[in-house]
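A.B. asks: Okay, here's what each chain looks like letter by letter:
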Amino acid sequence: MKQILLITDGCSNVGLSPVVAAAHAKSEGINVNVVGVLDQGDVGELGASEIEEIARAGGGLSRMVNMRQLSQTVQMMTRKTVVQTIQLAVQKELKQVLGNGSIEALPPEKRGEVVRVIDELGETSGLKVALLIDASASMKPKLAAVEEAIRDLMLSLQARQGKSEISVFHFPGSRHGDDCVMDLAWTSHLNGVQSIFPKLQMAGTTPTGPAIMQVVDYYRQGQNDMSDYSRRARNETDGMMGDYVV
Amino acid sequence: MTTSFKLELRRGSVVVGKWRMGRYRIERLLGEGANGKVYLVQRDRDWLAMKIGADTVDLQSEINVLKSLDKQRSLETFLYDVDDLYGPDGREYPFYIMRYVRGTTLASYLKQQGPEWFPLVALNLLGKLAKLHKAGWVFGDLKVENVMVADYGHVELVDYGGVTAKGKSVRQFTEIYDRGYWNGGSRSADPGYDLFSFAVLCIQLHEPKRLHALTKELLPQNRSTSELMEIADNCPGLKPVSGWLKRALMGEFADAAEGAEAWRALMHRRVTRNSPGMPGWLKGLAATSGLLLAASMGWLLLDLFL
Ligand SMILES: Nc1ncnc2c1ncn2[C@@H]1O[C@H](COP(=O)(O)OP(=O)(O)O)[C@@H](O)[C@H]1O
Ligand SMILES: [Mg+2]
Numbered sequence: 001m002k003q004i005l006l007i008t009d010g011c012s013n014v015g016l017s018p019v020v021a022a023a024h025a026k027s028e029g030i031n032v033n034v035v036g037v038l039d040q041g042d043v044g045e046l047g048a049s050e051i052e053e054i055a056r057a058g059g060g061l062s063r064m065v066n067m068r069q070l071s072q073t074v075q076m077m078t079r080k081t082v083v084q085t086i087q088l089a090v091q092k093e094l095k096q097v098l099g100n101g102s103i104e105a106l107p108p109e110k111r112g113e114v115v116r117v118i119d120e121l122g123e124t125s126g127l128k129v130a131l132l133i134d135a136s137a138s139m140k141p142k143l144a145a146v147e148e149a150i151r152d153l154m155l156s157l158q159a160r161q162g163k164s165e166i167s168v169f170h171f172p173g174s175r176h177g178d179d180c181v182m183d184l185a186w187t188s189h190l191n192g193v194q195s196i197f198p199k200l201q202m203a204g205t206t207p208t209g210p211a212i213m214q215v216v217d218y219y220r221q222g223q224n225d226m227s228d229y230s231r232r233a234r235n236e237t238d239g240m241m242g243d244y245v246v
Numbered sequence: 247m248t249t250s251f252k253l254e255l256r257r258g259s260v261v262v263g264k265w266r267m268g269r270y271r272i273e274r275l276l277g278e279g280a281n282g283k284v285y286l287v288q289r290d291r292d293w294l295a296m297k298i299g300a301d302t303v304d305l306q307s308e309i310n311v312l313k314s315l316d317k318q319r320s321l322e323t324f325l326y327d328v329d330d331l332y333g334p335d336g337r338e339y340p341f342y343i344m345r346y347v348r349g350t351t352l353a354s355y356l357k358q359q360g361p362e363w364f365p366l367v368a369l370n371l372l373g374k375l376a377k378l379h380k381a382g383w384v385f386g387d388l389k390v391e392n393v394m395v396a397d398y399g400h401v402e403l404v405d406y407g408g409v410t411a412k413g414k415s416v417r418q419f420t421e422i423y424d425r426g427y428w429n430g431g432s433r434s435a436d437p438g439y440d441l442f443s444f445a446v447l448c449i450q451l452h453e454p455k456r457l458h459a460l461t462k463e464l465l466p467q468n469r470s471t472s473e474l475m476e477i478a479d480n481c482p483g484l485k486p487v488s489g490w491l492k493r494a495l496m497g498e499f500a501d502a503a504e505g506a507e508a509w510r511a512l513m514h515r516r517v518t519r520n521s522p523g524m525p526g527w528l529k530g531l532a533a534t535s536g537l538l539l540a541a542s543m544g545w546l547l548l549d550l551f552l
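Residue numbers (my numbering), protein chains in the order written: chain A, 1 to 246; chain B, 247 to 552.
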């Protein structure tokens, strides 16, 4: 199962529409979840509807939360999406068997077994979550909470029986106007990772759509040439290639 | 995520199950949580509890656990009926009927009956957890709201939504009771997970304000079991069990039975000295443990054909 989890606090303002990008992700079998983080006020009506639409286009969930709820929300959303992804696949299968794919339409005594299979698959299937973090200036005071939420998610995923991996990206790229930068390549633990976002230069635009596209690309490349990608990521963290990721 | 759940059933209204036609008269709302609402209902002359779910799959998953537990426990049945109802809004909602657990929440019981009931109530709770552990389960979402206490400190667990088979990832938890939240270990279901939550619950009962303040003031990386211990050590009501709490927080008890034994020994000492728990589409999911899953899928399809 593949997911992208976008954490943002407002509106995209350059490049491809994030809704279109999320639809691309979905067509690649990647579900896009979106968390909108609020400070005191709100993300504005535009931001809110964009967040909702990105998730809808990406076949995922969206939530507006304040910083204190971030970890819990990220954890529950990921879990819920896993169940939904499997549920969809199971329903597709049921449709071929029963001519009706909805679990609700089954009589209660038949649901038990279907749900047992969903639960089993949810626990044991491989799972990849790419976290895409909006690092535009307004997000700066929230990055500590974001990092904490990522660590908390890793802890939950590690408890699963199936293989679970995360990767982390932020956008926009700092120097050369890149759409997004990889902070962490696929990994199943954060042992020894001191800081996920070491001294970020937060500046400029919010290219949410192009950033999503880049992560989709990362997933696609990962299928062919994973090693090349992580090598580039390593170069990236060494600062040898600046912000050049793709 | 609290699912927005607007359904409200009026006192005196009668619900008839869509599939099994059971008739239930609504008496009153007993409580609600993140996953549903629980009503006190009457069928014939029996008082029962009806849990209405916001999500069919989530609720069914809980029902599956209750079914396995009922098979394992030789005593009283807990789960009575599973069905769907039509809400006043015309929508269908899944529900199940369970035993009505009389009593009040743990916190209000101790407030009403006095703190001298704490050691016994806690011991009884450990006894309930021990039974689950023995049957291969972990309760998961142990917290004040999910423990009901009736006369003479009789304890009953409610909300089986977090109950997880040993070795799997805990299905549902609440941050302040969660071992992972306090950097005290994994979120894998093992008996120690419940005992950790049990220790937090003891602290929550005695020092709710200080515990709450601690969650506000500590940076996530600084949350630790020793911070929890510090509260316990400075609380007169917990002093006699502070050694026990430390062992629970450190994961030193094999299971709740062992924990209960140690707790009982403590109580005894206190009392004598002076007074007072299918193949194709599978690949599409990038599933890993293929064999096991293919097998369970086989059973599923077989079951549906029969
Ligand atoms: N069998 C029962 N008998 C009496 N009260 C119950 C019963 N089950 C639940 N309740 C009450 O309803 C509340 C919510 O039920 P719960 O199962 O915990 O819902 P949720 O899964 O949404 O948290 C509980 O905290 C408890 O007060
Ligand atoms: Mg509950």
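Since the hints were made in silico from the structure, they are not lab data. Computed from a prediction, not measured in an experiment: that's the story for all the values here. Some hints could be false.
Unchecked claim - If you want the ones that stay clear, here's a sample from chain A, every Cβ over 10 Å from chain B, calculated: (1) ALA23; (2) SER71; (3) ILE103; (4) PRO108; (5) ARG111; (6) GLY112; (7) VAL114; (8) ALA159; (9) GLN161; (10) GLY192; (11) GLY204.
Unchecked claim - Example chain A residues on the side facing chain B (calculated, C-beta under 10 Å, incomplete): (12) GLU28; (13) GLU52; (14) GLU53; (15) LEU155; (16) ILE196; (17) ASP217.
Cβ atoms here follow ideal geometry from the backbone N, Cα and C, with glycine treated the same way.
A.B. asks: Give a verdict on every hint.
C.D. replies: Results of checking the hints against the structure:
| no. | hint | result |
| --- | --- | --- |
| 1 | ALA23 | holds (19 Å) |
| 2 | SER71 | violated (8 Å) |
| 3 | ILE103 | violated (6 Å) |
| 4 | PRO108 | violated (4 Å) |
| 5 | ARG111 | violated (5 Å) |
| 6 | GLY112 | violated (5 Å) |
| 7 | VAL114 | violated (6 Å) |
| 8 | ALA159 | violated (4 Å) |
| 9 | GLN161 | violated (6 Å) |
| 10 | GLY192 | holds (14 Å) |
| 11 | GLY204 | holds (29 Å) |
| 12 | GLU28 | violated (12 Å) |
| 13 | GLU52 | violated (14 Å) |
| 14 | GLU53 | violated (19 Å) |
| 15 | LEU155 | holds (5 Å) |
| 16 | ILE196 | violated (13 Å) |
| 17 | ASP217 | violated (18 Å) |
Figure legend: structure checked against the earlier numbered hints; hints not met, in rising order: 2, 3, 4, 5, 6, 7, 8, 9, 12, 13, 14, 16, 17.
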